[in-house]
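This is what each chain is made of:
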Amino acid sequence: MAASAAAAIGSPLKCGLISSQGFSGSTRSFQWRKNEKRNVRKGCRGVITAKIDLRPPPYSLDALEPHMSRETFEYHWGKHHRAYVDNLNKQIVGTELDTKTLEDIILLTYNKGDLLPPFNNAAQVWNHDFFWESMKPGGGGKPSGELLELINRDFGSFEGFVNEFKAAAATQFGSGWAWLVYKANRLDVGNAVNPRPSDEDKKLVVVKSPNAVNPLVWDYSPLLTIDVWEHAYYLDFQNRRPDYISTFMEKLVSWDAVNFRLEAAKARAAEREEEEERKKTEYEDNQADLDAREMYLESSDADDSEAD
Amino acid sequence: MAERLSLPELPYDYGALEPAISGEIMLLHHQKHHKTYVTNFNKALQQLEDAVSKSDASAIVQLQSALKFNGGGHINHSIFWKNLAPVSQGGGEPPKGSLGNEIEKEFGSLEALVHKMNSEGAALQGSGWVWLALDKEFKRLLVETTFNQDPLVTKGSSLVPLLGIDVWEHAYYLQYKNAKADYLANIWKVMNWNYASEVYEKECP
Numbered sequence: 001m002a003a004s005a006a007a008a009i010g011s012p013l014k015c016g017l018i019s020s021q022g023f024s025g026s027t028r029s030f031q032w033r034k035n036e037k038r039n040v041r042k043g044c045r046g047v048i049t050a051k052i053d054l055r056p057p058p059y060s061l062d063a064l065e066p067h068m069s070r071e072t073f074e075y076h077w078g079k080h081h082r083a084y085v086d087n088l089n090k091q092i093v094g095t096e097l098d099t100k101t102l103e104d105i106i107l108l109t110y111n112k113g114d115l116l117p118p119f120n121n122a123a124q125v126w127n128h129d130f131f132w133e134s135m136k137p138g139g140g141g142k143p144s145g146e147l148l149e150l151i152n153r154d155f156g157s158f159e160g161f162v163n164e165f166k167a168a169a170a171t172q173f174g175s176g177w178a179w180l181v182y183k184a185n186r187l188d189v190g191n192a193v194n195p196r197p198s199d200e201d202k203k204l205v206v207v208k209s210p211n212a213v214n215p216l217v218w219d220y221s222p223l224l225t226i227d228v229w230e231h232a233y234y235l236d237f238q239n240r241r242p243d244y245i246s247t248f249m250e251k252l253v254s255w256d257a258v259n260f261r262l263e264a265a266k267a268r269a270a271e272r273e274e275e276e277e278r279k280k281t282e283y284e285d286n287q288a289d290l291d292a293r294e295m296y297l298e299s300s301d302a303d304d305s306e307a308d
Numbered sequence: 001m002a003e004r005l006s007l008p009e010l011p012y013d014y015g016a017l018e019p020a021i022s023g024e025i026m027l028l029h030h031q032k033h034h035k036t037y038v039t040n041f042n043k044a045l046q047q048l049e050d051a052v053s054k055s056d057a058s059a060i061v062q063l064q065s066a067l068k069f070n071g072g073g074h075i076n077h078s079i080f081w082k083n084l085a086p087v088s089q090g091g092g093e094p095p096k097g098s099l100g101n102e103i104e105k106e107f108g109s110l111e112a113l114v115h116k117m118n119s120e121g122a123a124l125q126g127s128g129w130v131w132l133a134l135d136k137e138f139k140r141l142l143v144e145t146t147f148n149q150d151p152l153v154t155k156g157s158s159l160v161p162l163l164g165i166d167v168w169e170h171a172y173y174l175q176y177k178n179a180k181a182d183y184l185a186n187i188w189k190v191m192n193w194n195y196a197s198e199v200y201e202k203e204c205p
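Going down the list, the protein sequences come from chains F and S. Taking the UniProt record's numbering, I'd label the letters of the first sequence as residues 1 to 308. Taking the UniProt record's numbering, I'd label the letters of the second sequence as residues 1 to 205.
It is possible that part of the hints are untrue.
[Claimed, not checked] Here are some of the chain S residues that sit facing chain F, going by a computed Cβ distance under 8 angstroms:
no. : residue
1   : 28
2   : 147
3   : 178
No wet-lab data here; the hints were simulated from the structure. Every value quoted in this text rests on a predicted model; they were computed, and no experiment measured them. For each residue, glycine too, the CB sits at the ideal point set by N, CA and C.
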C-alpha cells in the first residue's frame, strides 16, 4: 500500500537495501530511531551514498481518511516533508554533517539555541517521520497497561493528560508541535535550557515547542507528537485547530507506537543510569588508589627522616 | 475601563483581490483569524484590568504573552487590509512621488525591493511577517521581518510600517498550498502603494 502511494507521488525508490525503511506497516512503526544509520544506503551498484531519505508514512496516503485527508498527505508528506529532506541534503553534502545520523545533525546544529542553518530542515525531517508514526488507521481510544498507569500517576487521569496535551497544542502560538515525552535523568541538559528543571526524573510530561524545535534538544525522549503548523490542518480544518486536535486524539493516535517508544525510553534511561553508576564507582576506586598512594608516600618520608 | 478593540471592516469585498488572493482566504482570514485576535485580546484586556485592580503582579505578567499575540495580530492585520487593494482601486500600481524616488534611491529599483521582500518572506521559518519599514528617526527605508504576530515596533521603536505581507500559512495555504513563493510573487498585483505613500509622506513631508 505504501509502495504504491510512494510511486504515485513519484518518490524514487532506491534499489538495493532499504532495510530499516520497509513497507510492512506493523514492524515499521515499532522502530526506535536512535543510532540508526538511516543515511547510509547501498545503492544499486554498492556505492555508499550518505544521504537522508524521505520515508513514507507506514500506511497509504488515504488511510487516515476522513480524519486526515489524502490531499493533506499529498502536500504535507509529498511536498513539505520532501522539501525538508531535499533541502537538508543540499545543505550537508560535502560537509562534516554528511556522515552523521539525523539525530546527531539535529543536536549539533541546535547549537545551544543559536541555530545553524541545517537545524530547521533536519529537525523537521525527524519531526515529520515521528509524526506519521504517531498515527495509525483506526487510531485513538485509550492506552492500557503500564503506559496508562504512568499517565494516571503523572497526570492524575487519562482525561487530565488529554486536557493538558490539547491545551499545549492549542496554545503553541504560531508554528510548532506539542509532545508527550518521557523525561529522565538530566537537570543540566548541556546543549539547551531544560524547560522543566524542577520536575522529578523519570516521569511523563507534556511540552510544546516552536517551529522545528523538538524535545531531543532537551535530552527528553519523545513519545507522541502533534504537528500544529497550519499546513498540517488547514486543508481539512481551516482555522479550527481545536477540532483538528480533538480528531487527532480521538481517531488517530497510535498508542502502540507510544508504548513501544516508552519501552525504548525506559531502557535507554536504565542503561544510562548503569553507565553513570559504573563511572561513579570507577572514580571512587581511582580516588581510593590516589589516597592510598599519598599515605604511602607520606609515611615513607617520615621513615627517611627518622633514619637520618 | 479601556476601550475594547473591534474588528475593522474590510475596505473591499472578500472576492475583490482575486485572482491574487482568493475570496475564500479573505473571508476566513478576516472573519475568523483577525476576529479571534480581537476577541482574545479583549478577553486578555479584561483579565488585565481585573489583575491590575487587585495588584496581582503574577497575573499581570502571565497575561503579557496573550496581549502581545492577540494585540499584535490585531495591529498587523489592520494594517494588512489597508495595504492591499483591488486592481480597480489602484492595487498593484507602482509607487509614485517621494516614496517611489526613495525606493529607487535605497534599493536601486522597485524590482529589487520586491525581490528582497520576497526572499526574506520565503526564508522566514515558521510564522511571521515581512515589512517595508520607514525608520522615522533616520528617514530611511528598510526591509524587516517579525515572527509570529510581533508588530514591527518590536524590531525598533522608530520603525513605521508602510507595507506588510502576512506569511503565516493561513494567509495563502488554501490557494497556494506549499508554494509560498507564488503567493509572494502574486500579492504585489494587489499591493496598495497609495496607502504606503500616504504613511510615508506623513512622516517625511
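Out of the numbered hints, which ones does the structure contradict?
none
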